[in-house]
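Whole structure, please, built from the sequences with the hints as guidance.
There are 2 protein chains.
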Amino acid sequence: MRREFLVISFPESAFQRLGNVTARRLFGILTWTVSTFERERRRRREGERERMPGCSCLLLLFFTIVAHATRSTKASMVTYVPGAAYHLSSLRQDRKISKPEFPLPLQTRYFPQILDHFSFRPDSYRTFHQKYLINSHFWHIGGPIFVYTGNEGDIEWFASNTGFMFDIAPKFRALLVFIEHRFYGESLPFGKKSYKSAETLGYLNSQQALADFAVLIRSLKQNLSSEASPVVVFGGSYGGMLAAWFRLKYPHISLGALASSAPILQFDNIVPSTSFYDAVSQDFKDASSDCFEVIKRSWAEMEAFSTMNAGLTKLSKIFRTCKDLRSVSSAIGWLQTAFVYTAMVNYPTEANFMAPLPAYPVDKMCKIIDGSAARGASDLERVFAAASLYYNYSGSEKCFDIGHEEDAHGLSGWGWQACTEMVMPMSCSDECMFQPFEEDYKGFEENCVFRFGVKPRPHWITTEFGGQRIEKVLKRFGSNIIFSNGMQDPWSRGGVLKNISSSIIALVTKQGAHHADLRRETEEDPDWLKEQRRQEVAIIQKWIDEYYSDSRH
Amino acid sequence: MRREFLVISFPESAFQRLGNVTARRLFGILTWTVSTFERERRRRREGERERMPGCSCLLLLFFTIVAHATRSTKASMVTYVPGAAYHLSSLRQDRKISKPEFPLPLQTRYFPQILDHFSFRPDSYRTFHQKYLINSHFWHIGGPIFVYTGNEGDIEWFASNTGFMFDIAPKFRALLVFIEHRFYGESLPFGKKSYKSAETLGYLNSQQALADFAVLIRSLKQNLSSEASPVVVFGGSYGGMLAAWFRLKYPHISLGALASSAPILQFDNIVPSTSFYDAVSQDFKDASSDCFEVIKRSWAEMEAFSTMNAGLTKLSKIFRTCKDLRSVSSAIGWLQTAFVYTAMVNYPTEANFMAPLPAYPVDKMCKIIDGSAARGASDLERVFAAASLYYNYSGSEKCFDIGHEEDAHGLSGWGWQACTEMVMPMSCSDECMFQPFEEDYKGFEENCVFRFGVKPRPHWITTEFGGQRIEKVLKRFGSNIIFSNGMQDPWSRGGVLKNISSSIIALVTKQGAHHADLRRETEEDPDWLKEQRRQEVAIIQKWIDEYYSDSRH
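Order-wise, the sequence lines are chains A and B.
For what it's worth, this note's numbering labels the leading residue of the first sequence as 1, then goes sequentially.
For what it's worth, this note's numbering labels the leading residue of the second sequence as 1, then goes sequentially.
Note: identical chains are not told apart, hence a pair may lie in one copy or across any two.
Calculated lysine to aspartate or glutamate pairs in the EDC-like style (CA-CA distance at most 16 angstroms, straight line):
{"#": "1", "residue 1": "LYS472", "residue 2": "GLU227"}
{"#": "2", "residue 1": "LYS285", "residue 2": "ASP430"}
{"#": "3", "residue 1": "LYS510", "residue 2": "GLU531"}
{"#": "4", "residue 1": "LYS472", "residue 2": "ASP550"}
{"#": "5", "residue 1": "LYS472", "residue 2": "ASP545"}
{"#": "6", "residue 1": "LYS475", "residue 2": "ASP550"}
{"#": "7", "residue 1": "LYS364", "residue 2": "GLU350"}
Please keep in mind that the hints were generated in silico from the structure rather than gathered at the bench.
Bear in mind the structure is a predicted one, so any value in this text is a computation, not a measurement.
See the structure below:
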């Protein structure tokens, strides 16, 4: 029995200030198929190196982690990897070239943060500079403070993709603060050596990040002589998880949280492991059942090339690769990346979050697939054309660099988190649009041990933050959290989709995608998105009104 | 300007299964005065060792930490030191000799606990055996689980002094579990080397302890196939703080908490630093204002002996010491210990918690002081006679071993916690019964650095757990906590004394002392104590009823 597994990258910050073309190329490899797990293990046993020249063991293992099922019969453990860290060095070089633009100017500051909040060993007292961005244009002392709880990447990227906070700052006369997550962006506790080993990476986890936020916010308020200011935290995706957890763990520091597209139930099989890929598949099926079927059967067609004479050369031609493909699975990965991410960012307006895309890009992809049937295109030509929408909306790409990217050493940031605490089991049933695979925890664990020398703690997140029976637990505990989700986003299936109490609210939009509500408002925004944001503003206003009222009495 | 400071020991577990005489002797030294801080620093500078033969530097510093003001004019930083760790080795030897008796038999188990929950460094994966005690006599699968969140000492001691849980187990058909706190009792992560240095002690703190409880409870429920059981946590004193914090941080694991005599507001000057000693003083003043005055003026009388010809010999005679006193301050410490602890355990019935004492021992002490006036006794003879109630209720002690105890190396357990996270500022104003002293954070910090090589984090507990404006923060957040306090107990001043919400309840008894409600019921219990326990049972019943009702819907 062969076991195979896959890591889907969670892209967000990956595209941060990279040229989109570069970013898309880099992302191509995130789902690049290297081999099945058994093959990998055999190679490891036999001391054989990956076919790629100059590929280190760690790198090889990374590729194994991001490998996905090819001729899958059984067994996969899937987590998501944002890929933020992957681009740290590139981003650093790019910083001067492409400075992000914000709706309001942000001042950059650095806070001396303690390395380990939960230990008092001498080492734990070490400090590092944690970056944060701040705008006080509308604020007055005692007024609300809106904090973005940074996720897995440069904080500028999240600030520039959270226009909602800028939009509502004047109304609330709010101080805006965007705090970078430790081990990402410039907030590297050990500088260039931060990713060196488990010894340094050990301090990278969500609990330390939350404590960072707590310490920084408290210090900031004190320095601003504004200890009585109400603080509301905002976050999207992993940042949304952090925002929700921050309100739950630090209610004395944060009055409330807007947790957008926060899959806090994606752990420990609280939601079915199939939910993510089922949701991607459903997006495409809803757009067109023919489209869904074409994509679904394309995998087998592609696999056929691996045994075909000169199969890779033929496939390379169909996929217009710049250089010949090294494996069929790299092309499969390239396609799946496009479909998964397009589902995530299936926004109602033209946007450039993951990649520049038109409004409702899943519809557009399916129109390409369905429309090309009449022109007699093969299934593979049709899925390639659809994926080209994602990789080449501008039409400027002459060829695609599929599976040739080798600079993968920087991905260990989220890769590390996925291999330790952020263990999100995933699988793909026969009903899903991709090749079926099952969970393979054992294989996943072995791989993490090989990569980092430490084992995952698959039950830790739910032990520390809960999740099981959340509707019962929080029915009579906690308050002031908005869980917003757009059902187009496959991560929504791991989110809180029903109101839990009168103040732990689920705002669900059928047509919404990955934290669409956090994006800056545009004239093209549909009514449901406007209404969602209106509700969020009203709820936050209620929290703040209550806070000031409580403070007076 | 001389700066002086003091650490009051928090005795609880210190007496655990030690003969009371031994324990009282050991505790004498906890407030043994060594020197003023400046004197200490001078000695340290000059490389001079303490006068005591064979006393190590660390030991010397420990004594400095526990030193209290003698000719105080200014400056002290006071924290409480439970002294649990102090007796670890002795307790270990005593274990077979004096096995504690429980109202129900308890099975001893050991859980493989992870060393560091909040780091993923390779070292953090190390495991140790965490001890817990369990009784399932009344329990059935799915029924309630009552957990005692162990404090700073052997878990048997807390179990045997928490008869309330045994008393109510039949009514609730509850599983009883008493979990030992890491680094105390047998739950030593590095065995005999656990107290070796900050490198090992670094893992001793409240957040790691709470996470231990979470992991252990979750695992236990899984092993018992009883994941749906409601868990209620109980704790007294530091254990009460842990119980309250556990409910706040792990609501998904614990349905509610009975936090008895939990001074969660004793940090960061939330309550005035004078509150503790003011409360002790008030206990004595309420018993008799003459008694209060006699005690208050006795310190100056005692100080006079330090400049008197053969003063120590004369004072030794008055205090019936077995060997001559080494300093006046050791006698002062011996007295203060008696007064502080008697105030804490000013129970309405005869009890043997800190020491065997009659009902309402503060009253009895004051009766001794007031009554002896008629017999022409001096002030010092009167306060000595009062303190003898505490040290010699049985009357079997022929002499007292004041200030000669040298085995202080084991106190670093709570001493460590007090020097890192559990920083409780205290001072004594002119109005209090003891010699006045002020806070001296700088001196305290220097001392901790000298002792352990690490600095205290004085704002960490309130950053992690809150405390400031608690009534506002928890008004709309959290639920199901009982804060019970007896106003005779000086720690009550750092407790939650008013209802915060409909389910975060303060039960305050005017005549109650240090977690009196957790003690086993006796026929002599006064009505107010019975009523307090009745209310606690009713509230816990309501939580459990709601839990099962919620689970059904």
